[in-house]
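Residue numbers (our numbering), protein chains in the order written: chain A, 1 to 136; chain B, 1 to 136; chain C, 1 to 136; chain D, 1 to 136.
Honestly, the hints are just simulated from the structure, not real lab data. A hint or two may mislead.
Note that the list lumps identical chains together, so a pair holds whenever it fits in one copy or between two copies.
In silico DMTMM-like pairs for lysine to aspartate or glutamate, Cα to Cα no more than 20 Å straight-line [to be verified]:
#1 Lys99 <-> Asp71
#2 Lys95 <-> Asp71
#3 Lys95 <-> Glu81
#4 Lys112 <-> Asp71
#5 Lys95 <-> Glu51
#6 Lys112 <-> Glu51
#7 Lys99 <-> Glu126
#8 Lys99 <-> Glu119
#9 Lys99 <-> Asp62
#10 Lys99 <-> Glu51
#11 Lys95 <-> Asp115
#12 Lys99 <-> Glu132
Just so we're clear, the structure is a prediction, and the values are computed from it rather than from any experiment.
Protein chains: 4
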Amino acid sequence: MSGYRLTRRVQFYETDVAGIVHFSWFYRYMEEAEHALWREAGLSIHPHGSEIGWPRVSASFDFHRALRFEDEFDVCLRIVELTSRRICYACVLQKQNLKMATGTMTVACVRKRPDRTLEAIDIPAEIASRFEVYRQ
Amino acid sequence: MSGYRLTRRVQFYETDVAGIVHFSWFYRYMEEAEHALWREAGLSIHPHGSEIGWPRVSASFDFHRALRFEDEFDVCLRIVELTSRRICYACVLQKQNLKMATGTMTVACVRKRPDRTLEAIDIPAEIASRFEVYRQ
Amino acid sequence: MSGYRLTRRVQFYETDVAGIVHFSWFYRYMEEAEHALWREAGLSIHPHGSEIGWPRVSASFDFHRALRFEDEFDVCLRIVELTSRRICYACVLQKQNLKMATGTMTVACVRKRPDRTLEAIDIPAEIASRFEVYRQ
Amino acid sequence: MSGYRLTRRVQFYETDVAGIVHFSWFYRYMEEAEHALWREAGLSIHPHGSEIGWPRVSASFDFHRALRFEDEFDVCLRIVELTSRRICYACVLQKQNLKMATGTMTVACVRKRPDRTLEAIDIPAEIASRFEVYRQ
């Protein structure tokens, strides 16, 4: 698996008083597509009881056009880099053929220590083997 | 402790395209006041590593008037019933002297079993002793 | 139209540190099903530029079981009362055959006055004619 | 005005099943500080009935450490660039003296046309005159 296209509709509670989707929701849309990609690869990013986690290292969006209540749109997520410890995604939100927003997100593989601190670790082989960098 | 008054301002992301606070936020406001009440009593409702939890059993609101961006309002929370296993709160949201909404919430004390299921238990004495029913 | 069944999966951002869906989300799930019901009836509950709105008058939930990350569930919404000015819904959230939560919601038809205050009005005939009370 | 420090506590509904604040909240924290900065300057970023809006052009965060339930933290926002049409902010989230996250956000001044499209315009003088770039 190297990418996923999620189709989604804007919900009422995702809009704000300016009449458009609040920008914080775009980061959630991107993460929804990530988790759908993992499920498509036969994995859960957060299986119950796992000591491994995937905190976000960075995330960004450039916003090109506004989304509105009940708009249908696609979240196109692609793996653009895969190192021993991190996955970098690129994301495009499209409504029909219009590019609405462009994002990136990097996540790291960590182990949760008993004291709740997080230790960066190598991505387990059984996870890394399911993913690859997207090639056009 | 038998009650708490939380003062709060409406944030932009709490509004929706109808120009008012989305109704789902009132339940969060009520819970914010609950957790502030617990802190005032010297407690955290969710201390790290605790095997005890406080899931919501029921919650309701009657909405009288709309809240808007940057409105300042008070969340007045009172304990109206305290049994061996549950706490019932009543809540009034006010803007100046106007009653905006009236809510109720009941929470139960549970222990989390290793298999993630929840078992209703008596409220520990060191918690129950900090609270009492509000009397006018 | 008198009811709608929405199938939905729990998203990561809907969970909280207790490991379950935060209770405020159930009200959003109920509203998602309402808006899907309206679309199924050929309507939008918030068409652009409309002076008519549907603020919530009251909403409640009894929570029976916890929902968790990636759980699939159904939101079964039914119209249980339809007056000249209000619609009352009943809602059951189910995971497979388990009843997870039971809710109610009443919404009123209002006109927005230029000064932003809301005036209760009769439900327009072209809307009322699309809905009816659910009968078993 | 060229900067603002907002003090804030993590709310329960801002956490997720991984036990930490969901990353989408950091963008909301940054915006909260922006709106507080505007109020401190005697302005509202969204006065009722205004035809001017401030959509986000881009926003990013690097996440250094996790925030948890009831953590107290500061959101330090500074204006780092001010052009005729845009404001760029830099943001640091700190818990005590620890840097938790570092963000940026650029917003543009727009006029809402009657057809809902947005037209980029110069920042009105009465707004631009209240702000300046932060200098150490």
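We went through each hint and held it up to the structure:
1. Lys99 <-> Asp71: within (13 Å within a copy, 31 Å between copies)
2. Lys95 <-> Asp71: within (8 Å within a copy, 28 Å between copies)
3. Lys95 <-> Glu81: neither (26 Å within a copy, 31 Å between copies)
4. Lys112 <-> Asp71: Answer is between: at 19 Å across copies they meet the 20 Å cutoff, but 39 Å inside does not.
5. Lys95 <-> Glu51: Close neither inside one copy (38 Å) nor across copies (25 Å); limit 20 Å.
6. Lys112 <-> Glu51: For Lys112 and Glu51, the Cα distance is within 20 Å both inside one copy (6 Å) and across copies (18 Å).
7. Lys99 <-> Glu126: The answer is neither: 35 Å in one copy and 34 Å across copies each exceed 20 Å.
8. Lys99 <-> Glu119: Classified as between; 18 Å across copies, 37 Å inside a copy.
9. Lys99 <-> Asp62: within (11 Å within a copy, 24 Å between copies)
10. Lys99 <-> Glu51: neither (38 Å within a copy, 25 Å between copies)
11. Lys95 <-> Asp115: The answer is between: 18 Å across copies meets 20 Å, while 45 Å in one copy does not.
12. Lys99 <-> Glu132: Classified as neither; 25 Å inside a copy, 33 Å across copies.
This entry does not satisfy hints 3, 5, 7, 10, 12, going by the numbered hints stated previously.
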